[in-house]
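Q: Let chain E serve as the given structure and place chain C on it in line with the hints.
Protein chains in written order, with my numbering: chain E, 179 to 499; chain C, 179 to 499.
Some hints could be false.
It does not matter which identical chain is meant; a pair holds if it fits inside one copy or across any two.
Computed list of lysine-lysine pairs in BS3-like fashion (alpha-carbon distance at most 30 Å, straight line) [what the hints assert, rightly or not]:
no.: 1; residue 1: K391; residue 2: K381
no.: 2; residue 1: K402; residue 2: K305
no.: 3; residue 1: K271; residue 2: K431
no.: 4; residue 1: K271; residue 2: K391
no.: 5; residue 1: K271; residue 2: K402
Source of the hints: derived by calculation from the structure; they are not laboratory data.
Number of protein chains: 2
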Amino acid sequence: MENGQMKRQIGRYVKLAGMGRALAGGRLNFGGETRYRLRAGETLLDLAAEAAGKALEEAGMGMEDMDCIVCAMATPLQAIPCNAALVHERMAKGMNIPAMDINTTCTSFISALDVMSCMIAAGRYEKVLILSGDTASAALNPQQKESYELFSDGAAACVLVKAGPGEGSGILYARQCTWSEGAHDTEIRGGGGLLPAFSMTEKNQEEYYFDMKGIQILRLCARKLPGFVEECLREAGVAREEIQAVIPHQASKALDVIMPRLGFPKGTYINRVPAYGNMVSASVPFALCETIQEGRIRRGDLVLLMGTAAGLTVNFMLMRY
Amino acid sequence: MENGQMKRQIGRYVKLAGMGRALAGGRLNFGGETRYRLRAGETLLDLAAEAAGKALEEAGMGMEDMDCIVCAMATPLQAIPCNAALVHERMAKGMNIPAMDINTTCTSFISALDVMSCMIAAGRYEKVLILSGDTASAALNPQQKESYELFSDGAAACVLVKAGPGEGSGILYARQCTWSEGAHDTEIRGGGGLLPAFSMTEKNQEEYYFDMKGIQILRLCARKLPGFVEECLREAGVAREEIQAVIPHQASKALDVIMPRLGFPKGTYINRVPAYGNMVSASVPFALCETIQEGRIRRGDLVLLMGTAAGLTVNFMLMRY
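Bound-form chain E, shown alone (with noise of 0.2 Å):
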């Protein structure tokens, strides 16, 4: 649809102004790596605060500067209302400033940013402040090993606008695709309508609890993922070797056996799992946000934002910084 027109070229003009992030007060280690998890009295609204802050910040504009708050989480803080409120009532207290969730899980954040960068494009808004983080800690079960020593708890923001056509920031191309073979390979059964809290029993404990099915999903991605990312390439007209940072989603250890397999060898990508595990919806921002601090990516770079969420949702989206 967008692909003939957007070929190499950059099709909406937004620019990242600002970006931040926050790690959970609480340090856990496991076999050397440490992992993030909040604190008794610390919850993710104050993670999501603290990142939407330095984001904000950064960007040199205040909270009354934006159009839209945006909630890019996989996870509710409460059943209702929806995170982007809540965080509003936090931040945004008796301003009119618009509140709403976008989720695809894991990779609500660049789901979010393909969403708000049309409607920056359609003219809706022009500044919208996106907040990705997720309370994994809620719901681990210390029995499943793999996913329990895995998981940190985090949060990270960012300020997009709208950008001119000669700043050369932009997003290029953007793709989402949904395997829904994978609905089950990676999920949380209880806890929302078909098998509400109260429902909870001694015996099924064990469905409220984070489920991953590791091998499944390997094995999902390893048989559907390569020709994916083959054919975003081909769309967007790009080479490997034209971008200058690869941002996955920090999924798990897997991501140096999987990224290698589609063609992105390992020290072209960032890696960030021994240090922080995975941060659910705030590893892609987290990552991209610390690379840039890094000064890794600079302004007008190619950058790749790309991941797989339970769902099982791709997400493969090409942007100059």
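A: Here is chain C on its own, set in the frame of chain E:
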């Protein structure tokens, strides 16, 4: 931002190509009014699939024609993955169609129309399936009569497609605000990251029920809604008399108190609360679908979709059907 150029004209050329609706199979009677609740073995996915099937049929399209599946629902079916991935599994398994959730609680459908019409205007998608619906019955507190006797389980869906400038269909004006002074006036405090399912005890289980502070909501609405509506009409450059159909969120019996105060006397807006109660995110699209089916809305008619949602979020959208 968009207002100048959009005054009284279509700003985003989209069309509701088909709509469908579905009610839960169980029936309860409260003081002569029927409420619909899921029967044993029935889930919201059944209702969503029924509504979406009808919408696709009316549009003369198949699922394979869709570019994106959007769940515009207030509550999660599971904590992970997102609702749209579960709908995808039911209706689009084996297809690559992306699946995504957009959530502003009760007005999620209006927000999703707003967002997806921008994605269509930006050339990102051309045909989108939007589904709304919630399992209100999963969290109703039998002790809180006001809400227990108000809600029904239902679903509604639409196929939103790109339209040509000559077709006369599209969105003229859309505005959304969040007034988070009311963030805790309508909520389910438990079940998410702030108060996980695992934290439920006999003492705190009220926190996992739906909790609505009707009087506080009414007060906030009385104070802020009239000005909001006036501002929207002025910005849109549209007079009330030009609007052929007003579809408000079917929040409660207070509709007949609030709407006249907003300048819409009884009889000028659709009130189906006596028939169905409040169906959360399904209320607006269900009433819209029914009104179209009754022949009260015809192609080219100016339709106002509006409502308040937990958050407190308000939406106001003018579209030509």
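Q: Each hint needs a verdict: does it hold in this structure or not?
A: Here is how each hint holds up against the structure:
1. In this assembly of identical chains, K391 and K381 lie within 30 Å of each other by CA distance solely inside one copy; the values are 21 Å within and 35 Å between copies.
2. In this assembly of identical chains, K402 and K305 lie within 30 Å of each other by CA distance solely across copies; the values are 24 Å between and 36 Å within a copy.
3. In this homomeric assembly, K271 and K431 come within 30 Å of each other (Cα to Cα) only across copies, at 28 Å, whereas the closest approach inside a single copy is 41 Å.
4. Taking the shortest Cα distances, K271 and K391 sit within 30 Å of each other only across copies (19 Å), while inside one copy they are farther apart (41 Å).
5. For a Cα distance limit of 30 Å, the shortest separation of K271 from K402 across copies, 14 Å, qualifies, whereas the shortest one inside one copy, 45 Å, does not.
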